[in-house]
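Enquirer: Start counting the sequence shown at 18; every next residue gets the next number (my numbering).
Keep in mind the hints are simulated off the structure, nothing from the lab. Ideal Cβ positions, reconstructed from N, Cα and C, are used throughout, including at glycine. Accuracy of the hints is not assured; some may be wrong.
The calculated lysine-lysine pairs, modelled on DSS-like cross-linking and capped at a C-alpha distance of 30 Å, are [said to hold, decoys possible]:
| no. | residue 1 | residue 2 |
| --- | --- | --- |
| 1 | Lys41 | Lys90 |
| 2 | Lys54 | Lys93 |
| 3 | Lys41 | Lys124 |
| 4 | Lys52 | Lys124 |
| 5 | Lys41 | Lys93 |
| 6 | Lys93 | Lys31 |
| 7 | Lys124 | Lys31 |
| 8 | Lys52 | Lys41 |
| 9 | Lys52 | Lys31 |
| 10 | Lys125 | Lys41 |
| 11 | Lys41 | Lys54 |
| 12 | Lys93 | Lys52 |
| 13 | Lys52 | Lys90 |
| 14 | Lys124 | Lys90 |
| 15 | Lys31 | Lys41 |
| 16 | Lys125 | Lys31 |
| 17 | Lys54 | Lys31 |
| 18 | Lys124 | Lys54 |
| 19 | Lys125 | Lys54 |
| 20 | Lys90 | Lys125 |
| 21 | Lys125 | Lys52 |
| 22 | Lys90 | Lys54 |
| 23 | Lys93 | Lys125 |
| 24 | Lys124 | Lys93 |
Now the in silico label distances, taken between C-beta atoms and shown as ranges [said to hold, decoys possible]:
| no. | residue 1 | residue 2 | range |
| --- | --- | --- | --- |
| 25 | Thr88 | Gly34 | 28 to 36 Å |
| 26 | Glu33 | Ala118 | 14 to 22 Å |
| 27 | Glu40 | Glu110 | 18 to 26 Å |
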Amino acid sequence: MAYNLRLAARIREKFEGLAETEEKEMMGGLAFMYKGKMCIGVIGDEMMIRIDPALHDETAERNGCREMDFTGKPMKGWLMADDSAIRNPADFEFLTSLAFAWNENAKKSVKRKKGK
Numbered sequence: 018m019a020y021n022l023r024l025a026a027r028i029r030e031k032f033e034g035l036a037e038t039e040e041k042e043m044m045g046g047l048a049f050m051y052k053g054k055m056c057i058g059v060i061g062d063e064m065m066i067r068i069d070p071a072l073h074d075e076t077a078e079r080n081g082c083r084e085m086d087f088t089g090k091p092m093k094g095w096l097m098a099d100d101s102a103i104r105n106p107a108d109f110e111f112l113t114s115l116a117f118a119w120n121e122n123a124k125k126s127v128k129r130k131k132g133k
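Using the sequences and the hints, build the whole thing.
Expert: Structure below.
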């Protein structure tokens, strides 16, 4: 599945000028890494954000936001935002700022050793 290139470009602008950033194609989309941790991504036409789990339920209730259930089980602290949630620049700024704020406290994923 292809991801929304316009949305990716819009997110990319948020990372301009920041050190320790990386883009990785994964899960059929594009992940934006900050300080070695997944921060924001694009899957299809939706923006994926990693936020403080304490803000999860409240933020998921925003128009156009929903729990991320990519693996079939909801993941606390991970949300998907469709176009209606991020069309307005202020809403886009709000959601991306939540992701950047949580990135400071988020733990890096533990790299698993590959089997033989």
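Enquirer: Is it true that the CA of Lys125 sits at most 30 Å from the CA of Lys31?
Expert: 21 Å, holds
Enquirer: Compare the distance between the alpha carbons of Lys124 and Lys54 with 30 Å, and conclude whether the hinted pair is satisfied.
Expert: 7 Å, holds
Enquirer: If you draw a straight line from the CA of Lys52 to the CA of Lys41, is it 30 Å or shorter?
Expert: Status holds; Cα separation ~13 Å.
Enquirer: If you draw a straight line from the CA of Lys125 to the CA of Lys54, is it 30 Å or shorter?
Expert: 5 Å, holds
Enquirer: Does 28 to 36 Å hold as the CB distance between Thr88 and Gly34, or does it fail?
Expert: The hinted range 28 to 36 Å holds for Thr88 and Gly34, with Cβ atoms some 33 Å apart.
Enquirer: Does Lys93 pair with Lys31 here, judged by a C-alpha cut-off of 30 Å?
Expert: 24 Å, holds
Enquirer: Below or equal to 30 Å on CA atoms is what counts here, so check Lys54 against Lys31.
Expert: Cα-Cα ~16 Å, so holds.
Enquirer: Is the distance from the Cβ of Glu40 to the Cβ of Glu110 consistent with 18 to 26 Å?
Expert: Since the Cβ atoms of Glu40 and Glu110 sit about 20 Å apart, the hinted range of 18 to 26 Å holds.
Enquirer: Is Lys125 within 30 Å of Lys41, Cα to Cα?
Expert: Within the cut-off at roughly 15 Å; holds.
Enquirer: For Lys125 and Lys52, compute the direct alpha-carbon distance and say whether it is at most 30 Å.
Expert: 9 Å, holds
Enquirer: Take a quick look at whether Lys90 and Lys54 sit within 30 Å of each other, Cα to Cα.
Expert: 21 Å, holds
Enquirer: With the threshold set at 30 Å, check whether the alpha-carbon distance from Lys41 to Lys90 stays at or below it.
Expert: With a Cα-Cα distance of about 23 Å, the restraint between Lys41 and Lys90 holds, given a limit of 30 Å.
Comparing the model with each earlier hint shows no violations; every hint is respected.
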